[in-house]
Amino acid sequence: METIDIKEFKSAKEAKLPQSLEELSIEERERLKFLGVDESLKRGGEYIQIDAKPFICKKREAKGLEMLPITEALKKYDWISDYFWKLVNPEKDEFTKAVAEDLDDGYFIRVLPGHKLVYPVQTCLYIRTDKVAQKVHNIVIVEEGAELNLITSCSVHPHLSSAFHIGISEFYVKRGGTLTFSMLHVWDKRTYVRPRTGVLIEEGGTYISTYVSLFPVKSIQTAPVCRLVGPNAKASFISIIANHPDSHIDIGGEIRLEAEETATEITSRVVVYGGENIARGKIVAKAPKVKGHLECQGLMLSDEGVMRAIPELDSHFYDVELTHEAAVGKIAREEVEYLMARGLTEEEATSLIVKGFLRVKIEGIPPELQKQIDKTLELAKLGF
Amino acid sequence: METLLEIKDLWVEIEGRKVLKGVSLKIPVGQTHIIFGRNGSGKTSLLMSIMGFPAYKVLHGKIIFKGEDITQLPPYERAKRGIGIMFQRPPTIRGVKLREILKLCSKENGVKIEELARSFTFEKFLDREINKGFSGGEIKKSELLQLMIQNPDLVLLDEPESGVDLENIHLIGQMIKKLLQKETHRPRTKSGLIITHTGFILQYVTADLGYVIMDGEIYCEGNPLEIFEAIQKYGYEGCKNCLKRCGI
Ligand SMILES: Nc1ncnc2c1ncn2[C@@H]1O[C@H](COP(=O)(O)OP(=O)(O)O)[C@@H](O)[C@H]1O
Ligand SMILES: [Mg+2]
Chain A
9 METIDIKEFK SAKEAKLPQS LEELSIEERE RLKFLGVDES LKRGGEYIQI
59 DAKPFICKKR EAKGLEMLPI TEALKKYDWI SDYFWKLVNP EKDEFTKAVA
109 EDLDDGYFIR VLPGHKLVYP VQTCLYIRTD KVAQKVHNIV IVEEGAELNL
159 ITSCSVHPHL SSAFHIGISE FYVKRGGTLT FSMLHVWDKR TYVRPRTGVL
209 IEEGGTYIST YVSLFPVKSI QTAPVCRLVG PNAKASFISI IANHPDSHID
259 IGGEIRLEAE ETATEITSRV VVYGGENIAR GKIVAKAPKV KGHLECQGLM
309 LSDEGVMRAI PELDSHFYDV ELTHEAAVGK IAREEVEYLM ARGLTEEEAT
359 SLIVKGFLRV KIEGIPPELQ KQIDKTLELA KLGF
Chain B
55 METLLEIKDL WVEIEGRKVL KGVSLKIPVG QTHIIFGRNG SGKTSLLMSI
105 MGFPAYKVLH GKIIFKGEDI TQLPPYERAK RGIGIMFQRP PTIRGVKLRE
155 ILKLCSKENG VKIEELARSF TFEKFLDREI NKGFSGGEIK KSELLQLMIQ
205 NPDLVLLDEP ESGVDLENIH LIGQMIKKLL QKETHRPRTK SGLIITHTGF
255 ILQYVTADLG YVIMDGEIYC EGNPLEIFEA IQKYGYEGCK NCLKRCGI
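Heads up: the protein sequence lines correspond to chains A and B, in order. Those letters in the first sequence? Residues 9 to 392, per the numbering used here, in order. Those letters in the second sequence? Residues 55 to 302, per the numbering used here, in order.
These are calculated hints, taken from the structure and not from any lab test. A hint or two may mislead.
Unchecked claim - Capping the alpha-carbon separation at 25 Å, the derived lysine-lysine pairs in DSS-like fashion look like this:
1. A:363 x B:186
2. A:24 x A:50
3. A:363 x B:111
4. B:178 x A:338
5. A:379 x A:369
6. B:134 x A:389
7. B:157 x A:389
8. B:178 x A:369
As the list claims (entries may be wrong) - Label pairs and their computed distance ranges (CB to CB):
9. B:143 x A:316: 55 to 61 Å
10. B:169 x A:64: 44 to 50 Å
11. B:78 x A:337: 16 to 22 Å
12. B:169 x A:296: 55 to 61 Å
13. A:74 x B:146: 24 to 30 Å
14. B:146 x A:296: 51 to 57 Å
15. A:378 x B:57: 50 to 56 Å
16. B:143 x A:310: 26 to 32 Å
17. A:33 x B:243: 48 to 54 Å
Claimed, not checked - According to the in silico footprint, chain B covers these stretches of chain A (three or more CB under 8 Å from chain B):
18. 346-353
19. 358-367
All values derive from a computational prediction rather than experimental measurement. We put the CB at the ideal spot given by N, CA and C, even for glycine.
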């Protein structure tokens, strides 16, 4: 992974916040709409941040939901200190340090005990100004027995010479709560991305994380740490990635099974058109009677790219079930020719096969989200 | 009669092995021809060469379709010109539904796809991953449905009866008849080339001309039912002996 000099980027605070969506170009609005910032979609709430500042922060579903820019939440609640920088260490690296020293903003979302939100909450972190580093800190708390579908779309203005997104996220799923967190990202071949995420899941809680990145990006490096601290807690991580030429994508994840009867599954599907992809995953069994499975599948479409699958299983107990499977290969010629015999060009056939390969059926996510993921697959150019 | 497909002295090799050794035949518009041959005689190779799969390297000869030399065209160009093939063992494509492929095969709207699938009680398969876990008969139905939507002028059928139980063979026969306009009065515009090693498909679909292929060469040409009867009686050994008698 190449080094990024954070000093080369301006503070996002210097950027001017637009007065309204109308100030955005049609191209920008189209992009945001595609990412789910769309009035016509049913949403429980919406948070949109442009560069350093919150642009929209609006609840549409009044009951059980709290949404605030994190800077306001920090002022409003003393108890937030129990959640702030508790799952991610500010000293972890230069990027966490940068956010700790100079926070722009981020979202604070809390679902009160027992409330199951009907519609997803949409957040969007958008970089609009050239050569800035956007420094975000998010906190999500799903209280006991509550349920939240959170969709985060991150993107950049279509014509920037460079941009840098650093996002700290700390997610808490309390007893019996459920959080599905889906990231649909449309970066740009000049964007650097460094998410730093920590997740804590209590007894009987469920966390399902889906990461979709099908468009070019300069570099992403992330390795969320997820702790399952109560019995019967569950976590799934799914990533659906198209790795384009000149993109460096390194996605990892460490799941710590710290209580009995916890379970996790990590699934990644990667199509490599070029560039470098590293799919890491680590499952650590810190309690007996736990289950973990790690699956990584890569499809190579060119000799120009590199794919590394690095699965890791760590057990400290004998009564555990940890497995992994990884496979990297090419598109079957036979499948392409089958479709060509039906009148598809080689490009169309390849694109359809890739789409099918990336179409992971995700258990537990709402159908509208599945639809949105399918739509992204539809629009991403997946030929060669 | 107008010729739809003409194959002239076709020599084909696959992975360095000659599988067709000077095949020639002519299919007029509206006719169905059938080729008998034992396993390994080159039947599939002939169909794959007509469809233009690159693994089947044409060493010599020509394939003329609708008056155009298509010997060098890739499969999708041939498909666009009106050639369609029913695969003997089509691949599974994971994550891709039959419905999606049907949609891509045609510019038609979804209604017709539903309707057509339902008329062959196959609608439940539309949202299944293509060919995954399909039985022998289901594969045939899926292939024929794709062909019906593709609507080619020349249909290449690779062992349409193989792996199909008696219950389904009738329906598959019906589908093939429809594809080849067997129920309509002449003049027909659709043509077919059926290959088979058992010949049983003839009980469901009529053919205008039959051939026997042996070791990559076509030997016999004649009434399909007569050839079928002879093969049933004497087997392909009989064909060999017959050739010996004729001094070939
Ligand atoms: N991919 C291949 N590589 C090498 N030989 C092949 C290949 N495919 C077929 N053959 C050989 O070519 C001959 C003809 O095969 P095929 O056309 O499939 O016969 P049929 O369909 O009549 O059973 C056989 O001897 C077969 O083993
Ligand atoms: Mg065969």
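Going through the hints against the structure:
| no. | hint | in the structure |
| --- | --- | --- |
| 1 | A:363 x B:186 | holds (17 Å) |
| 2 | A:24 x A:50 | violated (29 Å) |
| 3 | A:363 x B:111 | violated (30 Å) |
| 4 | B:178 x A:338 | violated (31 Å) |
| 5 | A:379 x A:369 | holds (11 Å) |
| 6 | B:134 x A:389 | holds (23 Å) |
| 7 | B:157 x A:389 | holds (19 Å) |
| 8 | B:178 x A:369 | holds (19 Å) |
| 9 | B:143 x A:316: 55 to 61 Å | violated (34 Å) |
| 10 | B:169 x A:64: 44 to 50 Å | holds (46 Å) |
| 11 | B:78 x A:337: 16 to 22 Å | violated (41 Å) |
| 12 | B:169 x A:296: 55 to 61 Å | holds (57 Å) |
| 13 | A:74 x B:146: 24 to 30 Å | violated (48 Å) |
| 14 | B:146 x A:296: 51 to 57 Å | violated (39 Å) |
| 15 | A:378 x B:57: 50 to 56 Å | holds (51 Å) |
| 16 | B:143 x A:310: 26 to 32 Å | holds (29 Å) |
| 17 | A:33 x B:243: 48 to 54 Å | holds (53 Å) |
| 18 | 346-353 | holds (count 8) |
| 19 | 358-367 | holds (count 7) |
Consistency with the previously given hints fails for numbers 2, 3, 4, 9, 11, 13, 14, ordered from lowest to highest.
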